[in-house]
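There are 2 protein chains.
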Amino acid sequence: MPKTESAAPFSYEGLDRVIHEKARLGLLTSLMAHPKGLAFNDLKQLCGLTDGNLSRHLQVLQDAGLIEVIKGYEGNRPHTQCRLTKAGRARFLDYLSVLERLVRDAAKAAEAEDAPPGRLRPWPA
Amino acid sequence: MPKTESAAPFSYEGLDRVIHEKARLGLLTSLMAHPKGLAFNDLKQLCGLTDGNLSRHLQVLQDAGLIEVIKGYEGNRPHTQCRLTKAGRARFLDYLSVLERLVRDAAKAAEAEDAPPGRLRPWPA
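Line by line, the protein sequences give chains R and V.
Sequential numbering from 18 applies to the first sequence in the numbering used here.
Sequential numbering from 18 applies to the second sequence in the numbering used here.
Honestly, I wouldn't trust all of these hints.
Note that identical chains are pooled: a pair holds if it fits in a single copy or bridges any two copies.
[What the hints assert, rightly or not] In silico BS3-like pairs for lysine-lysine, Cα to Cα no more than 27 Å straight-line:
#, residue 1, residue 2
1, Lys103, Lys39
2, Lys39, Lys88
3, Lys125, Lys53
4, Lys103, Lys125
5, Lys39, Lys125
6, Lys61, Lys39
7, Lys103, Lys88
8, Lys61, Lys125
9, Lys61, Lys103
10, Lys103, Lys53
11, Lys61, Lys88
12, Lys88, Lys53
13, Lys39, Lys53
In case anyone wonders, no lab produced these hints; they're calculated from the structure.
Can you build the whole structure from these sequences, using the hints too?
This is the structure:
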C-alpha cells in the first residue's frame, strides 16, 4: 500500500450521521427539491414513510436545526409544513460533496478492476 | 405536486442497510479499490477504525456474504486478509447506482433552487 496516502482516505468523516440515515436522506432530498416546503402528507407519499416514522425523522432533523416545522391550520384542519433551513441546506450540500467523492472513488475502483491487466501497470519508479 | 410521479420517488429503497452504514461504506470502497484483498491492519489505517470497530463491521459484512475473511499466518504471526466476494461486488455496485441517483436528484434540486426565478416557471397547463 502506498505510504503517501492521507491518514485515512476511506474514512469519509463528513458523512454526518444525522443526514446519512436512509429515510432522512430521502426527506432532505425532497425538501431540497421543494424550497417552499412540503406538507406532512406530501412528504409521507414522496418518501414512502408511515406517519410514525415520518414524525420521528422530522423531529430528529428539526432538533438538529436542519429543517423547520410549521404547524398551522388550513381552513379548520391542522396542517404541518416542513422546510429546509438555510443551515440545513448548507450542511446537506457539504454532506453531498462527501457522498459524491465516495461514489467517484468507488466508480474509479470498479473501473480499474474491470480494465484489462496491462492498463493498470504502475508508472515505472 | 405532480400526480405523475412514481409512488415514492424519494424512498431510495435500494440503499441496502448493511452497506449504507458509514464505516462499512468506507470498507467496501477500499476493498473495491484493492481487488486482491487487504490485510486487517491496512483496512484499519485506510478507514480510520479501531480494532474493535473494524472486527465488528467485518463480521457484519461477512455474515451478509459481502466479503470473505481469510485467517492465516505470515511467518509466525497471525494474518487476516479480507476480500470482496463476487456477490458482494455486485451488491455494492447496485447500491452505488442508487446512491448516484440520489446525488443526481439532490444536485438537480439544488441547481433549480439557485436558478433565477423565471427559469422555474411551470409549463403552462
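Exercise for the section: Evaluate Lys61 and Lys103 at a C-alpha cut-off of 27 Å and name the case that applies: within, between, both or neither. Expected result: within (22 Å within a copy, 36 Å between copies)
Exercise for the section: First find the shortest C-alpha distance between Lys61 and Lys39 inside one copy, then the shortest across copies, and answer within, between, both or neither for a cut-off of 27 Å. Expected result: Both ways: Lys61 and Lys39 sit 14 Å apart in one copy and 25 Å across, limit 27 Å.
Problem - Homomeric proximity label, Lys103 with Lys39: Cα distance no greater than 27 Å - result: Answer is both: 21 Å inside a copy and 25 Å across each meet the 27 Å cutoff.
Handout entry: Intra- versus inter-copy proximity for Lys53 and Lys125 (alpha-carbon distance at most 27 Å)
Key = For Lys125 and Lys53, the Cα distance is within 27 Å only across copies (16 Å; inside one copy 37 Å).
Practice task
Tell me, please, which holds for Lys39 and Lys88 at an alpha-carbon limit of 27 Å: within, between, both or neither?
Solution key: Result: close within a single copy only, 25 Å intra versus 33 Å inter.
Exercise for the section: Can you give me the call for Lys61 and Lys88, within, between, both or neither, at a CA distance of at most 27 Å? Expected result: For Lys61 and Lys88, only the intra-copy Cα distance (16 Å) is at most 27 Å; the inter-copy one is 47 Å.
Problem - Homo-oligomer pair classification [Lys88, Lys103; C-alpha up to 27 Å] - result: Cα proximity of Lys103 and Lys88: one copy only (19 Å, versus 50 Å across).
Practice task
Could you place Lys88 and Lys53 in one of the four classes (within, between, both, neither) given a Cα distance threshold of 27 Å?
Solution key: Cα proximity of Lys88 and Lys53: one copy only (15 Å, versus 55 Å across).
Exercise for the section: First find the shortest C-alpha distance between Lys103 and Lys53 inside one copy, then the shortest across copies, and answer within, between, both or neither for a cut-off of 27 Å. Expected result: within (12 Å within a copy, 45 Å between copies)
Exercise for the section: Using 27 Å as the alpha carbon limit, work out where Lys61 and Lys125 are close: within a copy, between copies, both or neither. Expected result: between (36 Å within a copy, 21 Å between copies)
Practice task
Tell me, please, which holds for Lys39 and Lys53 at an alpha-carbon limit of 27 Å: within, between, both or neither?
Solution key: within (23 Å within a copy, 31 Å between copies)
Exercise for the section: Could you place Lys103 and Lys125 in one of the four classes (within, between, both, neither) given a Cα distance threshold of 27 Å? Expected result: Result: close only across copies, 18 Å inter versus 33 Å intra.
Comparing the model with each numbered hint stated earlier shows that all of them hold.
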